[in-house]
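Protein chains in written order, with the numbering used here: chain A, 946 to 1484; chain B, 946 to 1484.
Keep in mind that the hints were calculated from the coordinates and are not lab data. Don't take each hint at face value.
Remember, identical chains collapse to one label, so a pair may be satisfied in a single copy or spanning two.
Claimed, not checked - Pairs of lysine-lysine, DSS-like flavour, derived with a Cα cap of 25 angstroms: (1) Lys1186 to Lys1373; (2) Lys1021 to Lys1343; (3) Lys1070 to Lys1144; (4) Lys1021 to Lys1284; (5) Lys1070 to Lys1343; (6) Lys1160 to Lys998; (7) Lys1483 to Lys1266.
The primary structure of each chain is shown beneath.
2 protein chains.
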Amino acid sequence: MLEKIDLDKKLSKKEFGVVMDELAPRLSFLQRECRAAGIPIMIVFEGWGASGKGTLINKLIAPLDPRGFKVFTIQKVSEEEAMRPFLWRFWTRLPANGRIHIFDRSWYRSMITECLEGKKGDAEKGRALEDIIHYEQELSEDGMVIIKFFLHISQKEQKLRFKSLEKNDTTKWRVNKQDWKQNEEYDNYRILFDDMIAKTDTEYAPWTIIESTNKEYAASKIIATVVERLQEVIESTKSEKEELKTKELKKEGLKKEEAKTKESKTGIVTKEKEEHPDTNKENPSAVENKAFKAIEQSLKLDVLSGVDLSHTLDKEKYKKKLEELQNKLAILHYEMYQKRIPVVLAFEGWDAAGKGGAIKRLTENIDPRGYEVIPVAAPNDIERAHHYLWRFWNAIPKAGHLAVFDRTWYGRVLVERIEGFCSENEWKRSYNEINNMEEHLTNFGCIVLKFWLHIDQVEQEKRFLERQENPQKQWKITEEDWRNREKWDDYVEAVNEMVIRTSTTAAPWVIVEANDKYYARIKVLETVVRALEEKMGKV
Amino acid sequence: MLEKIDLDKKLSKKEFGVVMDELAPRLSFLQRECRAAGIPIMIVFEGWGASGKGTLINKLIAPLDPRGFKVFTIQKVSEEEAMRPFLWRFWTRLPANGRIHIFDRSWYRSMITECLEGKKGDAEKGRALEDIIHYEQELSEDGMVIIKFFLHISQKEQKLRFKSLEKNDTTKWRVNKQDWKQNEEYDNYRILFDDMIAKTDTEYAPWTIIESTNKEYAASKIIATVVERLQEVIESTKSEKEELKTKELKKEGLKKEEAKTKESKTGIVTKEKEEHPDTNKENPSAVENKAFKAIEQSLKLDVLSGVDLSHTLDKEKYKKKLEELQNKLAILHYEMYQKRIPVVLAFEGWDAAGKGGAIKRLTENIDPRGYEVIPVAAPNDIERAHHYLWRFWNAIPKAGHLAVFDRTWYGRVLVERIEGFCSENEWKRSYNEINNMEEHLTNFGCIVLKFWLHIDQVEQEKRFLERQENPQKQWKITEEDWRNREKWDDYVEAVNEMVIRTSTTAAPWVIVEANDKYYARIKVLETVVRALEEKMGKV
Chain A
946 MLEKIDLDKK
956 LSKKEFGVVM
966 DELAPRLSFL
976 QRECRAAGIP
986 IMIVFEGWGA
996 SGKGTLINKL
1006 IAPLDPRGFK
1016 VFTIQKVSEE
1026 EAMRPFLWRF
1036 WTRLPANGRI
1046 HIFDRSWYRS
1056 MITECLEGKK
1066 GDAEKGRALE
1076 DIIHYEQELS
1086 EDGMVIIKFF
1096 LHISQKEQKL
1106 RFKSLEKNDT
1116 TKWRVNKQDW
1126 KQNEEYDNYR
1136 ILFDDMIAKT
1146 DTEYAPWTII
1156 ESTNKEYAAS
1166 KIIATVVERL
1176 QEVIESTKSE
1186 KEELKTKELK
1196 KEGLKKEEAK
1206 TKESKTGIVT
1216 KEKEEHPDTN
1226 KENPSAVENK
1236 AFKAIEQSLK
1246 LDVLSGVDLS
1256 HTLDKEKYKK
1266 KLEELQNKLA
1276 ILHYEMYQKR
1286 IPVVLAFEGW
1296 DAAGKGGAIK
1306 RLTENIDPRG
1316 YEVIPVAAPN
1326 DIERAHHYLW
1336 RFWNAIPKAG
1346 HLAVFDRTWY
1356 GRVLVERIEG
1366 FCSENEWKRS
1376 YNEINNMEEH
1386 LTNFGCIVLK
1396 FWLHIDQVEQ
1406 EKRFLERQEN
1416 PQKQWKITEE
1426 DWRNREKWDD
1436 YVEAVNEMVI
1446 RTSTTAAPWV
1456 IVEANDKYYA
1466 RIKVLETVVR
1476 ALEEKMGKV
Chain B
946 MLEKIDLDKK
956 LSKKEFGVVM
966 DELAPRLSFL
976 QRECRAAGIP
986 IMIVFEGWGA
996 SGKGTLINKL
1006 IAPLDPRGFK
1016 VFTIQKVSEE
1026 EAMRPFLWRF
1036 WTRLPANGRI
1046 HIFDRSWYRS
1056 MITECLEGKK
1066 GDAEKGRALE
1076 DIIHYEQELS
1086 EDGMVIIKFF
1096 LHISQKEQKL
1106 RFKSLEKNDT
1116 TKWRVNKQDW
1126 KQNEEYDNYR
1136 ILFDDMIAKT
1146 DTEYAPWTII
1156 ESTNKEYAAS
1166 KIIATVVERL
1176 QEVIESTKSE
1186 KEELKTKELK
1196 KEGLKKEEAK
1206 TKESKTGIVT
1216 KEKEEHPDTN
1226 KENPSAVENK
1236 AFKAIEQSLK
1246 LDVLSGVDLS
1256 HTLDKEKYKK
1266 KLEELQNKLA
1276 ILHYEMYQKR
1286 IPVVLAFEGW
1296 DAAGKGGAIK
1306 RLTENIDPRG
1316 YEVIPVAAPN
1326 DIERAHHYLW
1336 RFWNAIPKAG
1346 HLAVFDRTWY
1356 GRVLVERIEG
1366 FCSENEWKRS
1376 YNEINNMEEH
1386 LTNFGCIVLK
1396 FWLHIDQVEQ
1406 EKRFLERQEN
1416 PQKQWKITEE
1426 DWRNREKWDD
1436 YVEAVNEMVI
1446 RTSTTAAPWV
1456 IVEANDKYYA
1466 RIKVLETVVR
1476 ALEEKMGKV
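Extracted from the complex, chain A is given alone in its bound form:
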């Protein structure tokens, strides 16, 4: 997922000022609310060397009441710590109810330094991962709020920072061999981080990836994330209280009925206590602010906005490449059949983005006995009576076969999320469920590729109108397509989150720039050919 992140994002100092004016009072208000409600909080900072953890922690704590938080810097294990099991130093450092503990590096440190750098075997690595998952789960179930940040910078940016640190005598010591190793082997580390994040990105302790090139942007996103999460926590605490109250009220209601019956019999009137609703006059979250709103939007997860839709390919080149790639694929398809490699290709994208056309070009020239295209529509009655993944499991290709899904299990986090066909809880936990399923497939040796065919709103409208006017294409356009179009922004948000949360090294998302159909079809074919070649050790 890290390679999908747009690292060019920035905010000016002035914009940062706007953000802080808005969020600093909210954050400090929320700290007080959490203390009053007795909610313990852990905030974790992990990331690349020189990604700015120290600086950003300082920005985060500026608005906080220092009596309520503590920062822990997690370095190499001390002698005392080495004499206890790995989690000991974190179990003993839990915040008490109502307090905030901030970790500059954390329990992920030993995962990274020891496991990922090869000091531990596979079994031990798996165990450490399990330990971490249990740790976070047990704490969350007990009411701990866990917020995890991964600070992300590019290889180039990291190199620049190391060099600039080395230039200065007072900061020289901060760069060591291990740091340079990380920079040199950046791509390997990225894969390891990706894997670590994917495996520990849970509903209860999610990771937020912070684009950390620009410190104003990074700090704003960190503070906005903490504010949002704490607000949710406080609200859900309140609504739980509300529910209890409702129950109480119901009982109370029964008592009142009784009292009234008594009253009418005895003539004695029972006095009711007046309720004073808590008025949160202090709560600054109510304040609205246009300048801030605009910046807030830019802090959101975003992979689509960086996509360059101007790519094109002329017809001549297209035809030539198409023939070339289709021929290659036909041969590779036969080889994967012989080597019993299963392939799953998942297609998602905007309506009229050209999924059908791309799939057609992909399969045109390969042996029909070795592939299947599975069109996915709304589930039927029998499918609806099962787990939502059941129908996709039923269509998993056997070894040596290729399955192309025209729309997929990602419907859960797209249409089902947006139309409310499943609960929020259901689509939120499905990112993990989907990652588990795809990992199970790739562990078996399956190639899994996921394509998002991306067009812009203008192009979509053009294609819709074309379809309406062309009698042979009219069947392709319905009222529903126009209705979906109105929800464009909701889909953008959902697609961004989907790509970030489910793009793994083993089963990556490929964003296909599809304003030009020729370009899109060739990119799909090239990607598939490349993946097959890699799997069979040809590149």
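Once you've looked at the hints, dock chain B against the given chain A.
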């Protein structure tokens, strides 16, 4: 945990008749209720070879409507199945909502046959385990009810059964080499099964171990377990509906208020619909039956009833052994210090069972710089403001040191459970939390032993009265001790469940027969000495 199970339990055919008269109609009623509520159910049978899976599945399905269930026999993977990832054949075999699928062997089969028999490496084994846990978790979250049985017989019983199968020409084929291997390496398999059960015994998909020596007993326990679980599920479904109704009622209430205001203004009276409460006249669970009640009790988990409290040791022998063992321990204690092995000894037991005396004899002769006794009372304010395990993590001994806990983290599933100091959800999930913590310790190389000092009610009363009469011991007895005594049966149930759910190969429970103090103290010392000798490779 398997070695703690009393395998001598049995029921007569007549008693089995009583059970079936009571439970068969309930089970068939619950099947209908679950179908109506659209609840899907999976029932898994695993266990030793020749433990009676086929026979017992037949007993279970006898009362069921055959249109609502299906039995799957999971054998070696077929060619078709081998061409897909391991979970494929189970994902595709999910029951639709309202249906029951019964598995004679299951997704645990490949775990056992492939992983546990060494065909898979540690990393793959860990992955398969993870896959299984995710599978069960994802299904449960979607509303699947998963009931898992492990059929347990002794090595001797298994051998008898294999021999008797081999004698008969028509059943000979059912015993193969692999079966005999299991019988010959029974203890190794037991450890593997223990580990598998501990790791996959979750709140949402718990294992029930079935004493399968006597088929009437086993069948009764299986059916009783299914009935109990389904009853819980139906009740919780109903109470969820109730809650929704309450919310509706509240809204309704507001509307009524409005309507009344209108009425008084307009003179038009709005008619209220009368509610017809569902009367479950059909529900046979209401029927009570004394003969059945008595048998039902015997179906419960039970490790304490088999404990032989008649063991004694005369004073002479005691003194001799005590000296011998204390000297041995002093030397071992020094060696473990040198080898940096940490040791955790946990003491629980009935009031006045002699924990203090046993701990005194244990530590009397060892270097005080190398051990600590940690008395555990009710948590103080600071402890209460943290996760319940926090205070125990703080007392974890460092490598080379010995920590003796006089009462422990097991308070969660004993006093806190019984007195309602924590919620049901909290103590139920703590079995797993505790297993995780202890596994984390033993993975680090720590020795973990847990002692339950067991006396009977008569002995306890005798000791209480002695304490009251002896001025020097009066401080040891309080009103609370007498109150706890009244909850004896609740504690028996809690201790039984605790021992079964948390006795692992790496961190076992040792039941100490403590009616005779001399015997008990020696058993504790012997167990500790033995464990240290084993760890240091001396036995």
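Taking the hints in turn, this is what the structure says about them:
1. Both within a single protomer and between protomers do Lys1186 and Lys1373 lie at most 25 angstroms apart by alpha-carbon distance, with minima of 24 angstroms and 24 angstroms respectively.
2. For a Cα distance limit of 25 angstroms, the shortest separation of Lys1021 from Lys1343 across copies, 17 angstroms, qualifies, whereas the shortest one inside one copy, 47 angstroms, does not.
3. With identical chains, the CA atoms of Lys1070 and Lys1144 are at most 25 angstroms apart both within one copy (12 angstroms) and between copies (17 angstroms).
4. Within a single copy, Lys1021 and Lys1284 get their C-alpha atoms only as close as 46 angstroms, which misses the 25 angstroms cut-off; across copies the closest is 23 angstroms, which meets it.
5. Taking the closest pair of Cα atoms, Lys1070 and Lys1343 come within 25 angstroms of each other only across two copies (23 angstroms); inside a single copy the shortest separation is 31 angstroms, beyond that limit.
6. Proximity of Lys1160 to Lys998 under the C-alpha cut-off of 25 angstroms is restricted to the intra-copy arrangement: shortest distance 10 angstroms within a copy versus 64 angstroms between copies.
7. In this assembly of identical chains, Lys1483 and Lys1266 lie within 25 angstroms of each other by CA distance solely inside one copy; the values are 20 angstroms within and 72 angstroms between copies.
Checked against the numbered hints listed earlier, the structure breaks none of them; every hint is satisfied.
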